Amino acid sequence: MALFRTKTKEPDADPVRLDGVAFRYGNSPNILSDLSLTLPAGSFHFLTGASGAGKTSLLSLLYLSNLPTEGKLSLFGQDVAKASRNRRATIRRSLGVVFQDFRLLDHLSAFDNVALPLRVAGVSEENVKAYVSELLGWVGLDGLFEARPEVLSGGQKQRVAIARAVVGSPKLILADEPPGTVDDAIAERLMQLFVELHKLGACVIVATHNEHLVSRFPFPRLHIERGTLSVLPAVSHIEAGE
Amino acid sequence: MRSDLPTPRQSTMGHFIAGIVAVLVFISGIAVSAAGSIGGLLDTWNASVTGTLTVQVPGEAKAADKLAESVRDALLKTEGVKRAGVVPRAQAQALLRPWLGDAKLIADLPLPALVDVELAAPSTLTLERVDAAVKAVAPAAIIDDHRVWLNRIAEFAQALGYIAFILIGLALAALTLTVVFATRASLTEYTQTIEVLHLVGARDGYIASQFSWRAVRQALWGGVIGLLAFAPTLLALSWFARRIDPGVLPPISLPLPYWGGLAALPVAAAVIAFVAARATVARALRAMV
Chain H
11 MALFRTKTKE
21 PDADPVRLDG
31 VAFRYGNSPN
41 ILSDLSLTLP
51 AGSFHFLTGA
61 SGAGKTSLLS
71 LLYLSNLPTE
81 GKLSLFGQDV
91 AKASRNRRAT
101 IRRSLGVVFQ
111 DFRLLDHLSA
121 FDNVALPLRV
131 AGVSEENVKA
141 YVSELLGWVG
151 LDGLFEARPE
161 VLSGGQKQRV
171 AIARAVVGSP
181 KLILADEPPG
191 TVDDAIAERL
201 MQLFVELHKL
211 GACVIVATHN
221 EHLVSRFPFP
231 RLHIERGTLS
241 VLPAVSHIEA
251 GE
Chain A
26 MRSDLPTPRQ
36 STMGHFIAGI
46 VAVLVFISGI
56 AVSAAGSIGG
66 LLDTWNASVT
76 GTLTVQVPGE
86 AKAADKLAES
96 VRDALLKTEG
106 VKRAGVVPRA
116 QAQALLRPWL
126 GDAKLIADLP
136 LPALVDVELA
146 APSTLTLERV
156 DAAVKAVAPA
166 AIIDDHRVWL
176 NRIAEFAQAL
186 GYIAFILIGL
196 ALAALTLTVV
206 FATRASLTEY
216 TQTIEVLHLV
226 GARDGYIASQ
236 FSWRAVRQAL
246 WGGVIGLLAF
256 APTLLALSWF
266 ARRIDPGVLP
276 PISLPLPYWG
286 GLAALPVAAA
296 VIAFVAARAT
306 VARALRAMV
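Keeping their order, the protein sequence lines are chains H and A. So for the first sequence, the numbering used here puts the first residue at 11; every next one is plus one. So for the second sequence, the numbering used here puts the first residue at 26; every next one is plus one.
There could be a bad hint or two in this list.
Said to hold, decoys possible - In silico SDA-like links for lysine to any residue, alpha-carbon gap of 25 Å or less:
| # | chain 1 | residue 1 | chain 2 | residue 2 |
| --- | --- | --- | --- | --- |
| 1 | H | K82 | A | R311 |
| 2 | H | K82 | A | S234 |
| 3 | H | K92 | A | R27 |
| 4 | H | K92 | A | L262 |
| 5 | H | K139 | A | A307 |
| 6 | H | K92 | A | A165 |
| 7 | A | K87 | A | R27 |
| 8 | A | K91 | A | D169 |
| 9 | H | K139 | A | S234 |
| 10 | H | K209 | H | D116 |
| 11 | H | K139 | A | E220 |
| 12 | H | K82 | A | R27 |
| 13 | H | K92 | A | K87 |
| 14 | H | K82 | A | F41 |
| 15 | H | K82 | A | K91 |
To be verified - The following label-pair restraints were derived from C-beta to C-beta distances:
| # | chain 1 | residue 1 | chain 2 | residue 2 | range |
| --- | --- | --- | --- | --- | --- |
| 16 | H | E135 | A | A210 | 30 to 40 Å |
| 17 | H | R226 | A | R27 | 18 to 28 Å |
| 18 | H | D111 | A | A210 | 44 to 54 Å |
| 19 | H | D111 | A | I191 | 46 to 56 Å |
Source of the hints: derived by calculation from the structure; they are not laboratory data. Every value quoted in this text rests on a predicted model; they were computed, and no experiment measured them. Heads up, the beta-carbon is just placed ideally off N, CA and C, and yes, glycines get one too.
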């Protein structure tokens, strides 16, 4: 699949590096504390933990919606707190994010939603048309290019959201998986898409509650419990060892 | 420029900015044309009234008429006087007939002899020369140069003109405030759009441009609609003015610079909209990481 490639300043730097990162909203207690972790290019992790454990907060730091209140977060070798606003915008173009609530723009067609990351990056309309059409076809949304999100099913919306996340060939893919919107056959296909991108060198993090999904793929888990993070081996490996 | 924002039809703010700009441009148009017409009116009055004056020579009819002829001769030799003529007594009496009726009574009235004077170039110097020439021949003569009357009218018209400019200023101030608040209000509606654009890597300048060019388009539209609605109003006004005796009201006409001012109104609205939208969006974006 020929996807559009964005350039990063330091292609060899680790996509994610956390040094003693803590996060809280205002004066409330820490939601995340003392997280240290390095995720290299081409790694694939599930992000697990109970609801409210801090999965979404960690993702919000990684997709630059929030900044750490303590410690240092580096994406692609750049300290995000010190980066200029334009620099952060450029870093965001190397990210592909699938939000739990999709965050599609209701006034735009499926095509235009998926095209958004390319258009804000200044990609020519000719290339936009080529990449977006191919990708929408690949996720099984042929014939729905002009459909607005309001007429799409939950599963179709998720596929649009995923297409938007990966259209720019991101180096870091963050997916906050909504439980039970996609049937298994499609979930399988979409996971294959992430795996494909991971094999091409992208760093992938999929936040999920779906134990079935976690057990089917041989990827390690980032587990958050009470604001702290531990790296656990793949479920399939544990089962294999038993 | 391609827009990622909802079209006005898709948003609840709809054509609000365009509508308010149309109304304000219409009001400003009325104010500008009032200011312009008053300016034109003053010019016309200056030209037609200060260019003429009347000399009254009092006294017994025959002597006064004779003296008036001497005054006329003296004035014709005075520099700056274009034309001077004695108003025939019969004509002066005829002017009074509608009010006084009886011809005999009028003939008995001690009417002054009148000399009608037209100046080539009305100036204080010319008026002084006229004064000297008249006084040399007929010391008792009275010169009526209409200046006092004109000055009061001019002052009044000038005040109206200032009020018109204040109106234009107020309309522009209202326009600025409206665009600022409409943009702020629409930001609430577009929070999700702004967030998503921000998250997929749009720079602040890109997002601000989307809003500012949209505001420019709306303001230009509104401005043009306001002008189009105003044009027939101006035509109607000048049509009514033309039906009045031209001596009372000169035709309502706008000097060329005022037409320029009218055409500049939609442009001014667009510039205000651009700056206001950009500043408002930039502030909202600074609150995001």
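(message) Under the constraints set out in the numbered hints, which ones does this structure not fulfil?
(response) 2, 3, 4, 5, 6, 7, 10, 12, 13, 14, 15, 17, 18
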